[in-house]
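Letter by letter, the chains look like this.
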Amino acid sequence: MIKTDILIIGAGPTGLFAVFEAGLLKLRCHLIDALPQPGGQCAEIYPKKPIYDIPAFPEILAGDLVDNLMKQIEPFKPGFTLGERAETVERLDDGTFIVTTNKGTKHNAPIVAIAGGLGSFEPRKPPINNISDFEDTGVEYIIRDPEIYRNKKVVIAGGGDSALDWSIFLTDVASSVTLIHRRNEFRGALDSVEKVQELKNLGRIELITPAEVINVLGDSKVEGVSIKRGDEVFNRECDHFIPLFGLAPKLGPIADWGLEIEKNAIKVDNSLDYQTNIPGIYAIGDINTYPGKLKLILCGFHEATLMCQSAYQRIYPDKRYVMKYTTVSGVEGFDGSKKEAPKAVIKSID
Amino acid sequence: MTDIKISIIDRNGTLHEVDAPTDMNMNLMEIVRSYELAPEGTIGVCGGMAMCASCQCYVLSDHELPEMSYDEDAMLAEAFHVKENSRLGCQIHMKPEMNGLKVELAPES
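As given, the protein sequences belong to chains A and B, one line each in that order. Just so we're aligned: the first sequence equals residues 392 to 741 in the numbering used here. Just so we're aligned: the second sequence equals residues -14 to 94 in the numbering used here.
It should be emphasised that the hints constitute simulated quantities derived from the structure, not laboratory data. Some hints here could point you the wrong way.
[Stated by the list, open to error] Straight-line C-alpha distance at most 20 Å; calculated SDA-like pairs for lysine to any residue:
| hint | chain 1 | residue 1 | chain 2 | residue 2 |
| --- | --- | --- | --- | --- |
| 1 | A | K394 | A | L415 |
| 2 | A | K516 | B | S54 |
| 3 | B | K68 | A | P601 |
[To be verified] What follows is a list of derived Cβ distance ranges for each label pair:
| hint | chain 1 | residue 1 | chain 2 | residue 2 | range |
| --- | --- | --- | --- | --- | --- |
| 4 | B | P6 | A | P537 | 31 to 41 Å |
| 5 | B | P6 | A | M392 | 46 to 56 Å |
| 6 | B | E69 | A | S611 | 51 to 61 Å |
| 7 | A | P644 | B | P24 | 17 to 27 Å |
| 8 | A | M714 | B | S(-8) | 48 to 58 Å |
| 9 | B | G32 | A | P514 | 42 to 52 Å |
| 10 | B | P24 | A | N668 | 19 to 29 Å |
| 11 | A | P644 | B | E69 | 46 to 56 Å |
| 12 | A | V722 | B | P24 | 38 to 48 Å |
| 13 | A | G683 | B | M11 | 12 to 22 Å |
| 14 | B | E69 | A | K730 | 54 to 64 Å |
| 15 | A | N668 | B | P6 | 29 to 39 Å |
Idealized CB from N, CA, C, for every residue including glycine.
Next up, chain B with everything else stripped away, as it sits in the complex:
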């Protein structure tokens, strides 16, 4: 079993339940792109280097996620619409223990 289920609320408020592979080193931003849940060019603009915040999302479930790196923390300090539960999707790599994760995409900025 290499797939997990995650729930993603897109920028229009629609909930999507998707299968996410855990064996392809994919991150949450890439999952969103692979299911085309946000228009190309509005997410993952920097390619996943924690340098643009276009993949910011709010974590709604209480999963334990990898600790924030300095780069992610610094980028969120400069981003807009930031909340307590903000993370950069590109820094969250899909792991089996994330099964059931629920996130909401932050507004485009």
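For reference, chain A alone in the conformation it holds in the complex:
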């Protein structure tokens, strides 16, 4: 069981900055994120795109913003559970919460702060009527263990990096690899496109373009797919069909936590501290809603700051505290490090 003071769900900019504000109050944080790396959308969707409305940064790349935040919170040694999705929450008799991930990792904290952005990133599923019938029997949207494809016939659909890279990788594992894409052009890295071309020339990848899979064939498991190219429809035998169309955020299991939801977002008390209808559970950043809400990183930073002050009061109801300025008090890390403004030098003149 992982124990912490504030359990933050979502390691995007808002969740990361909450670690800093909590650290100033000597509260420890642990973050859960469905993605394998911190940074949320900034890292996953647009790391190389500039942001122009972070105060005091006329321009900063989203990826650099995440790197800077990671550096800023380093003294506060946050814990991370990455690549796992927060699945359930349970309130114990002592008022603390247990949050369990899809992989069964349990976290215990008196405060839960949901900073989940637009939700957890999940694979985009193509609108093929019967595809959901085969989700445990040969259709996979994410490749977790390439070994299951050893000596199997595999059909991959998609035109991005992930479709190209896995097609290349699986030529050494599967007995046959077919790649289907709606266009003749691929938008992946040039190296990958060239490699697929080479493997196609060698007859190791069958490329079917411009085409798409319109049906999955089989009784109890995948036995093939129907493919449409222009007006022509034909079948290909296969053991696995792997559609790789990238990720899209979904609110996911959080929607079932008993929180008040409005417009695909969690309602919070913005006049006070961004707490939800469940005392002890807060929602900050893009995932919350209140009158006048703006989904901006800078608003997320503000919300994180107020949330931490409220969380401190909740954890230590009898302790008096006033907010302190870092310029005055410095930053004392949990690792014993201390950053502070240089002291004035007093020297007399003879």
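Chain A is fixed; fit chain B onto it per the hints.
Chain B alone, transformed into the frame defined by chain A:
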């Protein structure tokens, strides 16, 4: 005159005729959001970077629209429910010559 009239068929098939400003650098996805014609979180998910296709729409009138950028074209190659007249709403900025434009929102995916 900085407003134009555009017609938007929402995902339930209802037609809305709305005024769209042309002087605020607004795109079609933002017009849809400003009139709340699709639930928040189901449109403009990537914020308008042509990176999610949640604002895909079908252009029903024969207006001449700005040419598709590489990013938009590439995103539509990966999107679902794509037709000949598919465009990403976030890439269509409101211009006076678009007065009378008619579009239909593609299904949520």
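Verification of the supplied hints:
Under the criterion of a C-alpha separation no larger than 20 Å, the hint pairing A/K394 with A/L415 is consistent with the structure, at around 19 Å. Between the alpha carbons of A/K516 and B/S54 the distance comes to roughly 25 Å, so the proposed pair goes past 20 Å and is violated. Distance hint between B/K68 and A/P601 is fulfilled; the C-alpha atoms sit about 14 Å from each other, no more than 20 Å. The hint said 31 to 41 Å for the Cβ distance between B/P6 and A/P537, and at roughly 52 Å that hint is violated.
Distance hint for B/P6 and A/M392: a CB-CB separation of about 54 Å, consistent with the stated range 46 to 56 Å. In this structure the hint that B/E69 and A/S611 lie 51 to 61 Å apart at CB is violated, the actual value being about 38 Å. As the Cβ distance of A/P644 to B/P24 is approximately 19 Å, the hint placing it in 17 to 27 Å holds. For the pair A/M714 and B/S(-8), the beta carbons lie near 52 Å from each other, so the given range of 48 to 58 Å is met.
Look at B/G32 against A/P514: about 21 Å separates their beta carbons, and that is not inside 42 to 52 Å. About 20 Å separates the C-beta atoms of B/P24 and A/N668, a value consistent with the hinted range of 19 to 29 Å. A/P644 and B/E69 have their C-beta atoms about 38 Å apart, which leaves the hinted 46 to 56 Å range violated. The hinted range of 38 to 48 Å is satisfied by A/V722 and B/P24, whose Cβ atoms lie roughly 41 Å apart.
In this structure the hint that A/G683 and B/M11 lie 12 to 22 Å apart at CB holds, the actual value being about 19 Å. Distance hint check for B/E69 and A/K730: the Cβ-Cβ separation is about 59 Å, which falls inside the suggested range of 54 to 64 Å. The hinted range of 29 to 39 Å is satisfied by A/N668 and B/P6, whose Cβ atoms lie roughly 37 Å apart.
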